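A.B. asks: Residue-level listing of the chains:
Protein chains: 2
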Amino acid sequence: MEKKKIKIGLIGLGTVGTGVYKTLQTFDNIEVAKIAVKNKNKKRNIPNLDENLITDNPYEVVNNPEIDIVCELIGGMEPAYDLITTAIKNGKHIVTANKELLAKRGVEIFNFAEQHNKVILYEAAIAGGIPIIMPIKTILAGNKINKVEAILNGTTNYILTKMDVQSASYDDVLKEAQDLGYAETDPTGDVEGFDAAYKITTLATLAFKKRIKFENVYREGITKVRAEDMKAANDLGYKIKLIASAKMDEKGRADVRVHPMLVPMASTLAHIDYVTNAVSLTGHPIGHITLSGPGAGELPTASSVVGDILAIAAELGTTDYLLPMMRCYHEDLADCVNILDTENKYYLSLNAKNNKGVIGNIGNICAECNISVESIVQKNVLENNTADITVITEICREKDMQNAVRAFEESSFINNVNSLIRVQV
Amino acid sequence: MEKKKIKIGLIGLGTVGTGVYKTLQTFDNIEVAKIAVKNKNKKRNIPNLDENLITDNPYEVVNNPEIDIVCELIGGMEPAYDLITTAIKNGKHIVTANKELLAKRGVEIFNFAEQHNKVILYEAAIAGGIPIIMPIKTILAGNKINKVEAILNGTTNYILTKMDVQSASYDDVLKEAQDLGYAETDPTGDVEGFDAAYKITTLATLAFKKRIKFENVYREGITKVRAEDMKAANDLGYKIKLIASAKMDEKGRADVRVHPMLVPMASTLAHIDYVTNAVSLTGHPIGHITLSGPGAGELPTASSVVGDILAIAAELGTTDYLLPMMRCYHEDLADCVNILDTENKYYLSLNAKNNKGVIGNIGNICAECNISVESIVQKNVLENNTADITVITEICREKDMQNAVRAFEESSFINNVNSLIRVQV
Numbered sequence: 414m415e416k417k418k419i420k421i422g423l424i425g426l427g428t429v430g431t432g433v434y435k436t437l438q439t440f441d442n443i444e445v446a447k448i449a450v451k452n453k454n455k456k457r458n459i460p461n462l463d464e465n466l467i468t469d470n471p472y473e474v475v476n477n478p479e480i481d482i483v484c485e486l487i488g489g490m491e492p493a494y495d496l497i498t499t500a501i502k503n504g505k506h507i508v509t510a511n512k513e514l515l516a517k518r519g520v521e522i523f524n525f526a527e528q529h530n531k532v533i534l535y536e537a538a539i540a541g542g543i544p545i546i547m548p549i550k551t552i553l554a555g556n557k558i559n560k561v562e563a564i565l566n567g568t569t570n571y572i573l574t575k576m577d578v579q580s581a582s583y584d585d586v587l588k589e590a591q592d593l594g595y596a597e598t599d600p601t602g603d604v605e606g607f608d609a610a611y612k613i614t615t616l617a618t619l620a621f622k623k624r625i626k627f628e629n630v631y632r633e634g635i636t637k638v639r640a641e642d643m644k645a646a647n648d649l650g651y652k653i654k655l656i657a658s659a660k661m662d663e664k665g666r667a668d669v670r671v672h673p674m675l676v677p678m679a680s681t682l683a684h685i686d687y688v689t690n691a692v693s694l695t696g697h698p699i700g701h702i703t704l705s706g707p708g709a710g711e712l713p714t715a716s717s718v719v720g721d722i723l724a725i726a727a728e729l730g731t732t733d734y735l736l737p738m739m740r741c742y743h744e745d746l747a748d749c750v751n752i753l754d755t756e757n758k759y760y761l762s763l764n765a766k767n768n769k770g771v772i773g774n775i776g777n778i779c780a781e782c783n784i785s786v787e788s789i790v791q792k793n794v795l796e797n798n799t800a801d802i803t804v805i806t807e808i809c810r811e812k813d814m815q816n817a818v819r820a821f822e823e824s825s826f827i828n829n830v831n832s833l834i835r836v837q838v
Numbered sequence: 414m415e416k417k418k419i420k421i422g423l424i425g426l427g428t429v430g431t432g433v434y435k436t437l438q439t440f441d442n443i444e445v446a447k448i449a450v451k452n453k454n455k456k457r458n459i460p461n462l463d464e465n466l467i468t469d470n471p472y473e474v475v476n477n478p479e480i481d482i483v484c485e486l487i488g489g490m491e492p493a494y495d496l497i498t499t500a501i502k503n504g505k506h507i508v509t510a511n512k513e514l515l516a517k518r519g520v521e522i523f524n525f526a527e528q529h530n531k532v533i534l535y536e537a538a539i540a541g542g543i544p545i546i547m548p549i550k551t552i553l554a555g556n557k558i559n560k561v562e563a564i565l566n567g568t569t570n571y572i573l574t575k576m577d578v579q580s581a582s583y584d585d586v587l588k589e590a591q592d593l594g595y596a597e598t599d600p601t602g603d604v605e606g607f608d609a610a611y612k613i614t615t616l617a618t619l620a621f622k623k624r625i626k627f628e629n630v631y632r633e634g635i636t637k638v639r640a641e642d643m644k645a646a647n648d649l650g651y652k653i654k655l656i657a658s659a660k661m662d663e664k665g666r667a668d669v670r671v672h673p674m675l676v677p678m679a680s681t682l683a684h685i686d687y688v689t690n691a692v693s694l695t696g697h698p699i700g701h702i703t704l705s706g707p708g709a710g711e712l713p714t715a716s717s718v719v720g721d722i723l724a725i726a727a728e729l730g731t732t733d734y735l736l737p738m739m740r741c742y743h744e745d746l747a748d749c750v751n752i753l754d755t756e757n758k759y760y761l762s763l764n765a766k767n768n769k770g771v772i773g774n775i776g777n778i779c780a781e782c783n784i785s786v787e788s789i790v791q792k793n794v795l796e797n798n799t800a801d802i803t804v805i806t807e808i809c810r811e812k813d814m815q816n817a818v819r820a821f822e823e824s825s826f827i828n829n830v831n832s833l834i835r836v837q838v
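In order, the protein sequences belong to chains R and P.
Everything in the first sequence is counted per the working numbering, starting at 414 for the first residue and increasing by one.
Everything in the second sequence is counted per the working numbering, starting at 414 for the first residue and increasing by one.
For reference, chain R alone in the conformation it holds in the complex (with noise of 0.2 Å):
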């Protein structure tokens, strides 16, 4: 039988739409009709690149009627969302890459497209090209899912393996990260966290079958986490991860957040170094399984946005409502609890004067905010004659752990409080 050939619009050529264009060469029942590029000069590298399927003009992409699926990789909230949303009316499929405009917007973009009866994946938004949204979906299906923990930015995951691995400063391994390209020139998307957070937004949503609003994932990015931490950390026998995690509590409310965390080193995500990305996934009846891989890059997130528009191309022409397990879309709202309201474990580092009376006035601070202490651990005296203490507290409530540390600020035993990190447990 003899099947016409899928058309496929990209909106985008830039590292995921190169990746992406490439990848769909090999398959001689797809064929990418149209691209559109903000700038039609820029070079391209992709050989023998037909300058006919190029148009600055994206609406080119949405409005071609011959265009079955519109593929979205521009990121951002405009002119994404209007390009989608057009596209959707013109009787299009959607594929995207967008973790910031599914965050924020998600529910109105897949309410839209159900109406339409239209699809729209978007596994390379979540951990590039780990496989992950698609297997939620599909194969994970009979689960309920009760806790997501996860690497999902490799920038952010870059500099942390660096500080650690070189022993060396947040500051000059930045720097280092931008010469290298793996952190943007303006890196606050990355390293404060709003990267990680936009994802485990969607994330959570899918895994909890509840909508979880952006505003009500707690952020806190890496910036200020610092090479004397990592080494406190290590002798301890953790390392020290930005962790994107979403959990119910007992009564029923989503806990989602991205902070850095004290990871122990038997855990898995503790061996996720480097630029690799890994979410895992604890429910029943399956228990606990991890996903590792890429979680950005040309050729990672093509796998991933390929493998959407296959699933796509595989289903049209053939009924009239496709892939049903894939339209996930969760309205009802979660009811997300506040940081505040939650209980953590804590690595504390403190700088006091070399004074005998500071381990005492240490403990009395935390007994006196109702927290108990695992360990105190003064290593060196530096130079000028203060030392840097470790505590490790074990798990308390964080309104309880704000009132120690401006207890701590306070004290006059107590110079400064270096850094406050939760502890994964």
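Honestly, the hints are just simulated from the structure, not real lab data.
A hint or two may mislead.
It does not matter which identical chain is meant; a pair holds if it fits inside one copy or across any two.
Unchecked claim - With a cut-off of at most 27 Å between alpha-carbon atoms, the simulated DSSO-like pairs for lysine-lysine come out as follows: (1) K435 x K623; (2) K660 x K560; (3) K766 x K660; (4) K560 x K435.
A quick note: this is a predicted structure, and the numbers were derived from the prediction, not measured.
Knowing the structure of chain R, use the given hints to seat chain P on it.
C.D. replies: Then chain P, alone, in the frame of chain R:
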């Protein structure tokens, strides 16, 4: 739209069947209509099980006109083959966990199903709860997979981990594993690598899109791995694991095997311990991903069976040609390479008289057999005035290594060839 309930027939109510039955109770649109067991009187770990569902005649399942999907969970060749083909003739789709049947008669069964326009899904047959089969068929369908490396058997991984952690002998740990239920009374299927070999046969077929014949899979179990090998490996920075692997060589021949390997501590598979399984895929454009989790067990395996059931259930009644992406049946036979025509890196343990000429003899034999040596280490002199010598070679031909082993056996300097284990590169 009120949908009729999808009716499932289970063949088998052992570990996996029990987990599937329990998990399916949570799905309103799915009903277990009949369950075939060997022994109707056996006590089942299922509260409130309706006795009317139970039969000891599996043909009451496969011939039942109401049943939409048959889950074959008894394993083995017969009567599973006849039950599956009968069910297909009677218009039912199939979900199976039967690794042996797929490895040995997969082509026939898949062809038969395709002729009858029925689907066979088998996620649970390979790597238990870990999602791998459906992702390869769907979200990873844009990739050319070049290599698969996996730990696919929980019993042997448990034994090897315990031997390592406890510095214990294979025999002692096997007994322990049997007492705990991690190994069977007759453990042959696991410890001789049959289970892993069945699984890699089907996994490699899917990955390379060419049929691998089970007889062409090189298979070597763990029964000869010694505690001394574990220690020697650790000292050199390796763990010992039973690795199931598949790769395409530069001549397009498939190299598919199961055997113990020294695995570098830096590699992901080195940290997959106890009953955990893992699959690493290398391909283009994805790069390298690893999926790890429970390879067996009532609940994890149920996750995979139920995922397959839900995939079929989602499209039943909505289309004549279900799940086009998931019908990946490869008939063309792969050209498989024989282990003797491969090249590998080796660990060799030799026992020799405590004699200054030994090292020279070992070096000479290796040179004569065209083998480059990376290291020779003699740690201790044993009580009987002999020494165990550890040799690590560079990559060399299997034929040459077999020649060297024969020469060592004949050498007057060497008392015994203790071990020969290939090393992961």
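A.B. asks: Compare the structure with each hint and give your call.
C.D. replies: Hints, one by one, checked against the model:
Proximity of K435 to K623 under the C-alpha cut-off of 27 Å is restricted to the inter-copy arrangement: shortest distance 24 Å between copies versus 36 Å within a copy. Taking the shortest alpha-carbon separations for K660 and K560, only the intra-copy value of 4 Å comes in at or below 27 Å, while the best inter-copy value is 35 Å. Proximity of K766 and K660 under a CA criterion of 27 Å is satisfied in neither setting, with 40 Å inside one chain copy and 61 Å between copies. In this assembly of identical chains, the alpha carbons of K560 and K435 lie at most 27 Å apart only when taken from different copies (21 Å versus 36 Å within one copy).
Figure legend: structure checked against the earlier numbered hints; the only hint not met is number 3.
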